[in-house]
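Asker: Here's the letter readout for the chains.
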Amino acid sequence: MTVEPNIIEVKNLKKAYGENVVLKDISFTVKKSEKVVLIGPSGGGKSTLLRCLNRLEDFSGQVIFENQDLSAASKEKLRALRQKMGMVFQQFNLFPHKTVLENITFAPIKLKISSLQAAQKKALDLLEQVGLKNKANAYPQSLSGGQQQRVAIARALAMDPEVMLFDEPTSALDPEMVGDVLQVMEKLATEGMTMIIVTHEMGFAQEVADKVIFMDQGQIADSGSPAYIFKETANPRTKEFISKVM
Amino acid sequence: MTVEPNIIEVKNLKKAYGENVVLKDISFTVKKSEKVVLIGPSGGGKSTLLRCLNRLEDFSGQVIFENQDLSAASKEKLRALRQKMGMVFQQFNLFPHKTVLENITFAPIKLKISSLQAAQKKALDLLEQVGLKNKANAYPQSLSGGQQQRVAIARALAMDPEVMLFDEPTSALDPEMVGDVLQVMEKLATEGMTMIIVTHEMGFAQEVADKVIFMDQGQIADSGSPAYIFKETANPRTKEFISKVM
Amino acid sequence: MFGFMKQYYPVFLEGTAQTIIISIIGILIGILLGLLFVMMRLSKLKVFEYLARVYIAIVRGTPSMIQVMLIYYTLSKVISVPQVQFLGSGLDRVIPGSIALGINSGAYTAEIFRSGIISISRGQTEAGLSLGLSEKTTMFSIVLPQAVRNILPALGNEFISLIKESSVLFYIGVQEVTAQALGVGGTLYNFVPPLIVAASIYFVLTFLLSQLMQFIEKKMGRKYIQSN
Amino acid sequence: MFGFMKQYYPVFLEGTAQTIIISIIGILIGILLGLLFVMMRLSKLKVFEYLARVYIAIVRGTPSMIQVMLIYYTLSKVISVPQVQFLGSGLDRVIPGSIALGINSGAYTAEIFRSGIISISRGQTEAGLSLGLSEKTTMFSIVLPQAVRNILPALGNEFISLIKESSVLFYIGVQEVTAQALGVGGTLYNFVPPLIVAASIYFVLTFLLSQLMQFIEKKMGRKYIQSN
Amino acid sequence: SSSSKDNSVKKIQDKKTITVGTSADYAPFEFPIVKNGQKKIVGYDMLIAEKIADNLGVKLKIENTEFPSLISELKNNKIDMILAGMVSTKQRRKVVAFSRSYYTVKNVLLVQKKDANTYNTIASLKGKQIGAQQTTTQESIAKQQIKGANVVTESVLTSLTTELSQGKLAGVVVENEIADNYLRQFPNKYAVAKVKLTTPKDQRSVNIAVRKSDKALLKRINKVLIKLQNNGKMAKMLKQAQVLQDKYGK
Ligand SMILES: Nc1ncnc2c1ncn2[C@@H]1O[C@H](COP(=O)(O)OP(=O)(O)OP(=O)(O)O)[C@@H](O)[C@H]1O
Ligand SMILES: Nc1ncnc2c1ncn2[C@@H]1O[C@H](COP(=O)(O)OP(=O)(O)OP(=O)(O)O)[C@@H](O)[C@H]1O
Ligand SMILES: [Mg+2]
Ligand SMILES: [Mg+2]
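Line order of the protein sequences matches chains A, B, C, D and E. The opening position of the first sequence corresponds to residue 5 in the numbering used here, with each subsequent residue numbered one higher. The opening position of the second sequence corresponds to residue 5 in the numbering used here, with each subsequent residue numbered one higher. The opening position of the third sequence corresponds to residue 44 in the numbering used here, with each subsequent residue numbered one higher. The opening position of the fourth sequence corresponds to residue 44 in the numbering used here, with each subsequent residue numbered one higher. The opening position of the fifth sequence corresponds to residue 11 in the numbering used here, with each subsequent residue numbered one higher.
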């Protein structure tokens, strides 16, 4: 791996809902093309962390993305930065009142990033990549979960993001759908996309991750290479968690 | 395995929702103490089959349970038969307005099967078995998914059932909760309970099942010993499915 | 502007008491009819379902003022209530009037109950039945207690609109708050100030009711919705 | 019993037309005000939120009859409408009257919109924002279209109750259907038959409206809810 | 009395109460007041009703409802008689029986003070809005005589006069006595227009209504009315009611 510059720097990130401190002083960096996998028990703060990276939540501390401080960004600036971060959710969150094609082209056209033609052409390319070109005119509800998630990935990719954030992209899927989605993600990884992935698919994590972060109770309890986290670590909490989910 | 009598016989079971034929001519038998695992793709009819076994759905064909025809049973008879079949659901379905203890004791007391004291004593025993004695007075919402599912198992066991039906008992759970529930189920299996289990946990299926039934599009597409289904079968649909989920 | 209140407040007090009483009777009858009709509506017997549908459709499709007058004229031929005076109105008006309110409210209450029952996932019914409980026990011990909790806000709204609608009883001579305000307006030859007083009284009544409902909601909820 | 209709049907026709017109105006104004107030209610500016809350609380807490009278007296000082006769009533009554209906309905419509917006999962907003869309675009292109579809049944109910409530305009001299029925009843010295006629007219009107709403619902739904 | 063929009087005396129906928003004929913290419905009509009750030796009970529903109430046996400033029109005479007249109506047009000299002729009211209480004789007078005006009918007289005071209506057709009271109460607000309204013969006399079958009761009532007229108490009672309204209508 060549030494790339940091694309994201998280410094002393803190987040509380009322009394409930959900993230306690999180710091880490992500380099260009790096694949970071977040694992940890439920309620540990993984989703909240991803949402903070996109500033869908307010927080204290800093998130620096391409040398810009997200927490200080104006509304317009923030919108521009968000475009460079694709986000894929556990529940897909496709727009049910738009066709697959419209889901993918809506933002690029609305934000005047592409013309209608260009956006549609690109969307069809992306659909081809995720194996769903024939579903361009279907509505999301008529697709299976796995298909919806692949559309959601295509939708995020249509904005040409620098980073992709995935929040348990396969855990709402029927088991036989999981493979298709992971395959699309693996392909993205090979193509050099910077990725931050929350997942419980440990096989996938071992294969793809450059760095694994174990989050527990709002803190980074442990982190390192897949080999370290899955085999070498001496941290008892990591070990317990790994033994339960493997 | 000793030769036990059939406890359940399903003969030519058919079920349609309007035009949509969901179960097409299903026949199989379950012997006392046998563990039958149902696997198959989503929408294949596994849940519907379980619900028919308990006659939560009307159907055509026969389900004979302990030599009684369920489809012909009167309302009272049916209630008596249902008491002998414990059912555990994917979504737990605990009664949210009752405590854990009340969840377990409600039916035995209401149906005058036990006195209040006897029911409570038994409930506490069962809670101990599933490792949740300390949660007797909690309300379901304050428990994790895995804990709720274990209570649901205890609730079903409180009726002293002859058979336990499980419908994907772990698929709504966070990964680190799955183990606890499977452990309770394994213990039940060792104790000789007759069990019919819909699950995607293939490791568990291989370990526990006496017979695996592969359901696809409303039919029994394949069935046999775990060794046969997971390794030997020549059925292309079974093979494809197994390769996807393993 | 409101100087008249010094003299006329007893009229408004009496009217308020009357409004409260007819509303309470109306609400109680509405709940009973609502329960009856939701059971009919969900019944497997088509006749019952059909009757319930017709009742609900008629009540919901016509103005309550007209309903109250028609019910009053009909009821007063059928049931005989002693003409005892009560808070300034004859019981022979107050009682058929509140029954009419209840008949009106029952249709809405039935639909609210139905939505509550539907909102309780089928899984709860199945869990009950699979334990060998009867359909009746499952409905009354498992589904309804949860349904009631879910529909408390909707029920609260229905009670609030009943309080406001109770003003239609002034058409049949029940001296509730609106009737009193209009009467006082007649004496003063100006009825804007008395109407403002009446509006304020309704506002206070409905506010108190909604506080009460919220309190009940919290109390019912506290038990089992604990954020973990 | 209904022999009088041979002579009086033109009165009822006129009243029905009047009821339809004031209801349509009321519904349109209600929708506009509802949109305005739901935006205020969900606004981050506390003043707006507060104003919207007060408006909603007052409208919901007081009887529409009193509201309509008070609004009418106030409006008629502020706006001047030519005293043109229209279906038996002056436009200077019909217009402030329908505005009053709309002001009343707006509070309910705002709450319905709010429930619709809340019902669209936060995930939809987040998906929109994470694509770099502005909050406004996300609200108007992603959330509202879905919300409107979800609230169609509730909106339909609100429109139906507006049609029925429109009878209160008879207090400010608008000759809608109830006013006409009461007038005919006064002439015949028997209210029951004309009231039954009026009730039937409301029933037909509300029935037609609910059919229309169901049609729209189906049409909006067909596109994207396909059972697979 | 032996001449009566029905038992209407006996029934009332058995009940020990006579129920009068009225619509108490029509001062000085009937209106609510609060006296010693108690609501009372008072007025000219109620004073007469009391005399009738006294004469029958029973208690008086007052039912207060909307004017348009009074005749239905009577027909449905909810009340025994109506005293509500009710004029004995031909239409009404078809359905109920009326006593002899105890008051003669003259109708006038109540207008704002500033318009005291504006509406001198029917023609001057062309295109104006004129109010009248629904289903009253005033409604038919307004509709028949003030040709070219738009007649607005509402169920409550006060809502019409409220509109008048706000300029929403050019005038309201009211009974003379009521107009006088308005003028006394608000001398700077109202006036009676100079326009002449004729009150047709069959719409002039105010009477007490009873069921057609209650002949004995009607006879008794007429006796009382004659007595009150002859001993001058009738006129006194009207004064008394006006004074009451002046006192309580502030
Ligand atoms: N909107 C919110 N308001 C209040 N508390 C919240 C909110 N969202 C999350 N939390 C709390 O924050 C904590 C962390 O939640 P989060 O969803 O980030 O965990 P997670 O690691 O993603 O868990 P999971 O694996 O279940 O998705 C939890 O305790 C949760 O209850
Ligand atoms: N109440 C119902 N009404 C109509 N169709 C239904 C109903 N319940 C299930 N179905 C249909 O029956 C078929 C079988 O469903 P079922 O839930 O039994 O499948 P399954 O094998 O349990 O799938 P999964 O693994 O997703 O739980 C599906 O096509 C489903 O759409
Ligand atoms: Mg999460
Ligand atoms: Mg299933």
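Quick caveat, the hints were computed from the structure, so don't treat them as lab data. The C-beta atom is built at its ideal place from N, Cα and C for all residues, glycine as well. Heads up, a few of these hints could be off.
Restricting the straight-line Cα-Cα distance to at most 25 Å, the calculated cross-link-like pairs of lysine-lysine (BS3-like) are [to be verified]:
hint	chain 1	residue 1	chain 2	residue 2
1	E	Lys138	C	Lys120
2	E	Lys222	E	Lys45
3	C	Lys120	E	Lys233
4	A	Lys137	B	Lys116
5	C	Lys120	E	Lys50
6	E	Lys20	E	Lys116
7	E	Lys50	E	Lys69
8	A	Lys102	D	Lys49
9	B	Lys139	C	Lys120
10	B	Lys114	C	Lys179
11	E	Lys243	C	Lys120
12	B	Lys79	C	Lys89
13	E	Lys71	E	Lys85
14	E	Lys104	D	Lys49
15	B	Lys116	C	Lys261
16	C	Lys262	B	Lys139
17	C	Lys87	B	Lys102
18	E	Lys25	C	Lys120
19	E	Lys243	E	Lys116
20	D	Lys120	E	Lys20
21	C	Lys120	E	Lys45
22	D	Lys262	A	Lys102
23	A	Lys102	A	Lys18
What the simulated footprint calls covered on chain B by chain C, stretch by stretch (three residues with Cβ under 8 Å from a Cβ of chain C suffice, anywhere in the stretch; the number is not a length) [said to hold, decoys possible]:
hint	segment
24	111-120
25	188-199
Asker: With reference to the structure, classify each hint as holding or not holding.
Answerer: Going through the hints against the structure:
The straight-line distance between the Cα atoms of Lys138/E and Lys120/C is roughly 44 Å, outside the 25 Å bound, and the hint therefore fails. For the given pair, Lys222/E sits about 36 Å from Lys45/E by alpha-carbon distance, which is inconsistent with the 25 Å threshold. Of the supplied pair hints, the one linking Lys120/C and Lys233/E is violated, its CA atoms being roughly 33 Å apart against a limit of 25 Å. Note on Lys137/A and Lys116/B: the hinted pairing is violated, with a Cα-Cα distance of about 61 Å set against a maximum of 25 Å.
Restraint check: the Cα-Cα separation between Lys120/C and Lys50/E comes to about 29 Å, which exceeds 25 Å; the hinted pair is violated. For the given pair, Lys20/E sits about 36 Å from Lys116/E by alpha-carbon distance, which is inconsistent with the 25 Å threshold. Taking the CA atoms of Lys50/E and Lys69/E, the gap is near 15 Å; set against the 25 Å cutoff, the hint holds. Taking the CA atoms of Lys102/A and Lys49/D, the gap is about 54 Å. The hint is violated against a cut of 25 Å.
For the suggested pair Lys139/B and Lys120/C, the alpha carbons sit about 61 Å apart, so the restraint of at most 25 Å is broken. Restraint check for Lys114/B and Lys179/C: satisfied, since their Cα atoms lie roughly 12 Å apart, inside the 25 Å limit. A threshold of 25 Å between alpha carbons decides the hint, and for Lys243/E with Lys120/C the separation of about 39 Å lies outside it, so the pair is violated. In summary, the hint linking Lys79/B to Lys89/C is supported, as the alpha carbons are separated by about 20 Å, within the 25 Å threshold.
Restraint check: the Cα-Cα separation between Lys71/E and Lys85/E comes to about 17 Å, which is no more than 25 Å; the hinted pair holds. With a CA separation close to 20 Å, the supplied pair Lys104/E and Lys49/D stays within the 25 Å bound. A C-alpha spacing of about 33 Å is found between Lys116/B and Lys261/C, which places the hinted pair above 25 Å, so the restraint is violated. Pair hint Lys262/C plus Lys139/B holds up; C-alpha atoms about 22 Å apart against a cutoff of 25 Å.
For the hint pairing Lys87/C with Lys102/B, the CA-to-CA distance comes to about 29 Å; that exceeds 25 Å, so the pair is violated. For the hint pairing Lys25/E with Lys120/C, the CA-to-CA distance comes to about 19 Å; that is within 25 Å, so the pair holds. With a C-alpha separation of about 21 Å, the suggested pair Lys243/E and Lys116/E falls inside the 25 Å cut-off, and the hint holds. Simply put, Lys120/D and Lys20/E have alpha-carbon atoms about 56 Å apart, too far for the 25 Å limit, and the pair is violated.
Using a Cα cut-off of 25 Å, the hinted pair Lys120/C and Lys45/E is violated, with the two alpha carbons roughly 36 Å apart. Restraint check: the Cα-Cα separation between Lys262/D and Lys102/A comes to about 15 Å, which is no more than 25 Å; the hinted pair holds. Restraint check: the Cα-Cα separation between Lys102/A and Lys18/A comes to about 36 Å, which exceeds 25 Å; the hinted pair is violated. A stretch counts as covered by a chain when three or more of its residues have a beta carbon under 8 Å from one of that chain; for the segment 111-120 of chain B and chain C the count is 3, and the coverage holds.
Closer than 8 Å: that is the beta-carbon criterion, and the segment 188-199 of chain B has 0 residues meeting it against chain C, so the requirement of 3 is violated.
Going down the numbered hints, you'll see the structure goes against 1, 2, 3, 4, 5, 6, 8, 9, 11, 15, 17, 20, 21, 23 and 25, while the others check out.
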